[in-house]
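Visitor: Guided by the hints, dock chain B onto chain A, whose structure is given.
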Amino acid sequence: MIYLELLLSYLKIGFFGFGGGYAMLSLISDEIVLKHGWLTAAQFTDVIAVSQMTPGPIAINCATYVGYLVTGSVWGSVLTTFAVSLPPITIMLFVSMFYLRVRDNAYVKEALTLIKPITIGMIGAAALMLCNRQTFSSGWLSYALFSAAFIASWLKIHPIAIILVAAVAGMLDELMKMF
Amino acid sequence: MLIQLFVTFFRIGLFTIGSGYAMVPLIQREVVDRRGWFTESEFLDQFALAQSSPGPFALNTAVFVGYKMKGFSGALCAMLGVILPSFFIMLLIALYLNGIRENRWVNAAFEGMRPAVLALIAVPFVRYLSGMKWCGWVLALTVTVVIWAAGISPVYLILGAGASGVLLAFCRRK
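Each protein sequence line maps, in turn, to chains A and B.
Take 1 as the starting number for the first sequence in my numbering and just add one per residue.
Take 1 as the starting number for the second sequence in my numbering and just add one per residue.
The set of hints was computed from the structure by calculation and includes no laboratory data.
Glycine included, every Cβ here is placed at the ideal spot set by N, Cα and C.
Take the hints with a grain of salt, since some may be wrong.
To be verified - Chain B stretches covered by chain A per the calculated footprint, using a threshold of three residues with CB under 8 Å from any CB of chain A: (1) 4-10; (2) 27-41; (3) 63-69; (4) 75-88; (5) 94-103; (6) 147-158; (7) 161-173.
Extracted from the complex, chain A is given alone in its bound form (with noise of 0.2 Å):
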């Protein structure tokens, strides 16, 4: 049963997945926190740390640690993996098969132009949806880090360089604890 709702859930991210990892997120949240309650907003922003610092994208890096998660089997990663992936292929099939009737199409055109800032919203929605207690659990040494990942970012700093700074920083922390 959990594996068709994963499966459900999966097939919706990857079909509405407009706009990119990012916006992705917040339809991810939608599902897996919020509707299903299959992670916490902490364990999912654990997952996105976590997918950053790995290779591929982010929404397959993010389904296959999630289908794990949830069931506890590989085999809820080859689902979710698979479902996340089979509506964006299926479309992009299609898409080169009618490759210029699809571009020259005034109804996909204004159909796309439309959902683009929908996608800059849902961005926007993730950043929020993060923005709780857990993410500021260690007080000013949080809001110091974000503080300094948001001006690192903006001057194009690498995401993993960022991620693993701010990881040491919080490993620093538990040290100073000690004395």
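Guide: The following block gives chain B in isolation, referenced to the frame of chain A:
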């Protein structure tokens, strides 16, 4: 050819870290400069399509390139190539991280990472907003609030926007 497609996209899947557009130059280098499967303008053209289709950009590009080179079997090979590295690496992490997640030091590392992750998502949002006109601002911010505060699924908003677009195009045509 099929093996080449698989290997090329396996490399793309393996070496692109972080989200989305960081991988564009890498994909371009592989399929345009190294392999010569696309000309520069073809690539940019299809880039726009892969970007506006739903799903991860790398996956969409894999399907598109694979199909163009070798039909369905080509698309299949390219797509497996791009998916498999993420799949196996994440699976390994899922298998082992669960056991050490409650470890004090691992937990401290995650506490440090969380605000950084938030910043990494906030930056593209602010960047997009700063590149838009006021009507785009209003729409995007409304969407943000509607999803976040009212808990409305983004699915409905996408459906609504898509449908309005089709309707708009329909009216214009008349």
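Visitor: For every hint, state whether the structure bears it out.
Guide: These are the hints, each one checked on the structure:
1. 4-10: violated (count 0)
2. 27-41: violated (count 0)
3. 63-69: With 4 residues close enough to chain A, the hint holds.
4. 75-88: holds (count 7)
5. 94-103: Since three or more residues must qualify, the claim that chain A covers the region 94-103 of chain B holds, with 5 doing so at under 8 Å.
6. 147-158: n = 8 at 8 Å, threshold three: holds.
7. 161-173: That given contact holds, which follows from 11 residues of the region 161-173 of chain B lying within Cβ reach (below 8 Å) of chain A.
The structure is inconsistent with the numbered hints 1 and 2, although it conforms to all the rest.
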